[in-house]
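Based on the provided sequences and hints, a complete structural model is requested.
In order, the protein sequence lines correspond to chains L and E. So in the numbering used here, spot 178 of the first sequence is number 178, and the numbers just go up one at a time. So in the numbering used here, spot 175 of the second sequence is number 175, and the numbers just go up one at a time.
A couple of the hints might just be wrong.
[What the hints assert, rightly or not] Listed next, the in silico SDA-like pairs over lysine to any residue satisfying Cα-Cα at most 25 Å (straight line):
#1 L:K183 to E:G6
#2 L:K183 to E:W10
#3 E:K105 to L:R281
#4 E:K105 to L:W279
#5 E:K105 to L:V42
#6 E:K105 to L:M271
#7 E:K105 to L:A18
#8 L:K183 to E:L17
#9 E:K105 to L:L29
#10 E:K105 to L:F19
#11 E:K105 to L:G32
#12 E:K105 to L:L159
#13 E:K105 to L:D282
#14 E:K105 to L:V35
#15 L:K183 to E:L18
#16 E:K105 to L:V22
#17 L:K183 to E:F13
To be clear, the hints were calculated from the coordinates, so they are not data collected in a lab.
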Amino acid sequence: MTSAGRRSIIWRRRLDRAFEGVALAVLILALGALVALIWDIVADGASRVSWDFITSFPSRRPEQAGIWHALTGSIFLMVVTAVLAVPIGIGAAIYLEEYGGRRFLARLIELNITNLAAVPSIIYGLLGLAVFVRTLGMGRSVLAGASTLALLVLPVVILSTREALRAVPGSLREGSYALGATKWQTIWHQVLPVAFPGILTGLILALSRAVGETAPLITIGAVAFVAFVPDSLSSPFTVLPIQIFNWVSRPQTAFHVNAAGGIVVLVGLLMSMNAVAIWLRDRYQTRGLT
Amino acid sequence: MRWIEGIIEWGLFGCALLSVGTTVGIIVVLAVETFGFLREVPIADFLFGTEWTPLFANPSFGVLPLVLGTLLVSGIAMLVALPMGLLGAVYLSEYADDRVRRTVKPLLEILAGIPTVVYGYFALLFVTPLLQRLLPGLAGFNALSPGIVMGIMILPLVSSLSEDAMRGVPRGLREGSYALGATRMQTSLRVVVPAAFSGITAAFILAVSRAVGETMIVAIAAGQQPRLTANPLVPIETMTAYIVQVSLGDTPQGTLEYRTIFAVGSLLFLGTFGLNLVSAWLRDRYREEYA
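See below:
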């Protein structure tokens, strides 16, 4: 080999190393942003989080304000959203995965769901405003908010449930048919129990998305000045992200501290939901191997 | 028993059909309200007007300032998310060993799962003050800071979808390249990335659509001043932030001012829906290429 050729090889190897370094640095920078974000919020807000902060109602005085109304609103809304979205989402996924096959209509519905999953959440807010709040006369109630969020998370529920159903081996279905079971008996007694942990993981992730949503709920008219715990489907409500938004938007620093405190609670709630989802997924995967 | 099976199938079909109902509902609601709006405001004034002051006593309804504001913030977000996301994806797909991949991917998932209102807080109260030290002319509300933060938020989407596309490239192509003496960088940039090009483009387009529809970061940190400018240092307003602004105010329902949010929503929906369709089409194409 000529010395020029050897130099070129050394040069190319150096370039390769440099490129690897840059690419790694980019990833570290992205994760550094995550660290900065968490550090910034914990530094601003952790000292504000106390039992009093969690169990107090909103107030004009930032030191006395709390998140009880917003936290209960978020949890109530999440439960109602789950009641609406879970059966419909799982039903739709079962149809598309087990019955639909390659029929034209099923393909059309699939394409539609993929598209819906990428529609901006604020558009769902406009839909909820026109349909649930006005046309169906639900007003700015828990039911209107939960219906809007249910439509929003439905594509996520359907897509993740289909993943879980697809992971169930076909031999299980064939074995069930061979014993004379009908299609629905097979799905109910064989397929769903096996897919259950996977479905549950997807559901938790979908609901944690609903808990973090702000824009569609603002659009249907949920505001931060609801100073009581919602006690029925028709009560007005607010949620944690809206309360945080309200506090961030004020000029006083003391309210910013409250916002950071609210974020610590919100992110804590989401992280624990995600931790449960990951734990379920791991449990499921190890069981699948044995 | 057979008729019960039939009823169940129809019930499940109904659940699936609800998703089509959602799409139809969105289109009908937006179309009806936008039609009502356009009866009073000529469409040319709406689409090509350069002044957006619908809440003033003497209103004008030119949507261009909002569109430009949206494009400005999204553009900045893409300048952050595309190169970083692509490089990150190349690293994860071509360089990283399994252990690194298993650590980094869940962390990126966390980044993607943080609520957008939290990113808004971060943009307004951390990134903007930080940037103001470097750029003294930067206003408290601006397009730059939410743009950068939005880029960070979208980065996991870009890197994860691009990585999927790259991992779909058959091993044989890489091995052929190595056999010719290429380094990993040459293989990545000249073989894998071009081979995964349609998948990567699909990821990019989906990312643009996410940026255009993103609401809370801009509603918190970009301001509420619709203006026709490409200057990232001054307050602007995006389409989504405008919808939030009206929703928070006390504009009476059924008025022309109120209909503006549906008209702006229609533009937003058409734009993002178009981008999503192109993205889905490209994704299907790369699936076919190596199926």
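Going through the hints against the structure:
For the hint pairing L:K183 with E:G6, the CA-to-CA distance comes to about 10 Å; that is within 25 Å, so the pair holds. Proposed proximity of L:K183 and E:W10 is supported: the alpha carbons are some 13 Å apart, at most 25 Å. A C-alpha spacing of about 15 Å is found between E:K105 and L:R281, which places the hinted pair at or below 25 Å, so the restraint holds. A hinted pair counts as satisfied when its Cα atoms are at most 25 Å apart, and E:K105 with L:W279 qualifies at roughly 16 Å.
Restraint check for E:K105 and L:V42: the C-alpha separation of about 23 Å stays at or below 25 Å, so the hint holds. Simply put, E:K105 and L:M271 have alpha-carbon atoms about 16 Å apart, close enough for the 25 Å limit, and the pair holds. Using a Cα cut-off of 25 Å, the hinted pair E:K105 and L:A18 holds, with the two alpha carbons roughly 23 Å apart. As the CA atoms of L:K183 and E:L17 are separated by approximately 20 Å, the hinted pair is consistent with the 25 Å bound.
For the given pair, E:K105 sits about 14 Å from L:L29 by alpha-carbon distance, which is consistent with the 25 Å threshold. Taking the CA atoms of E:K105 and L:F19, the gap is near 20 Å; set against the 25 Å cutoff, the hint holds. Proposed proximity of E:K105 and L:G32 is supported: the alpha carbons are some 14 Å apart, at most 25 Å. Taken as a hint, the E:K105 and L:L159 pair is honoured in the structure, with Cα atoms around 20 Å apart against an allowance of 25 Å.
For the suggested pair E:K105 and L:D282, the alpha carbons sit about 15 Å apart, so the restraint of at most 25 Å is met. In summary, the hint linking E:K105 to L:V35 is supported, as the alpha carbons are separated by about 15 Å, within the 25 Å threshold. A threshold of 25 Å between alpha carbons decides the hint, and for L:K183 with E:L18 the separation of about 23 Å falls inside it, so the pair holds. For the given pair, E:K105 sits about 18 Å from L:V22 by alpha-carbon distance, which is consistent with the 25 Å threshold.
For the given pair, L:K183 sits about 15 Å from E:F13 by alpha-carbon distance, which is consistent with the 25 Å threshold.
Checked against the numbered hints listed earlier, the structure breaks none of them; every hint is satisfied.
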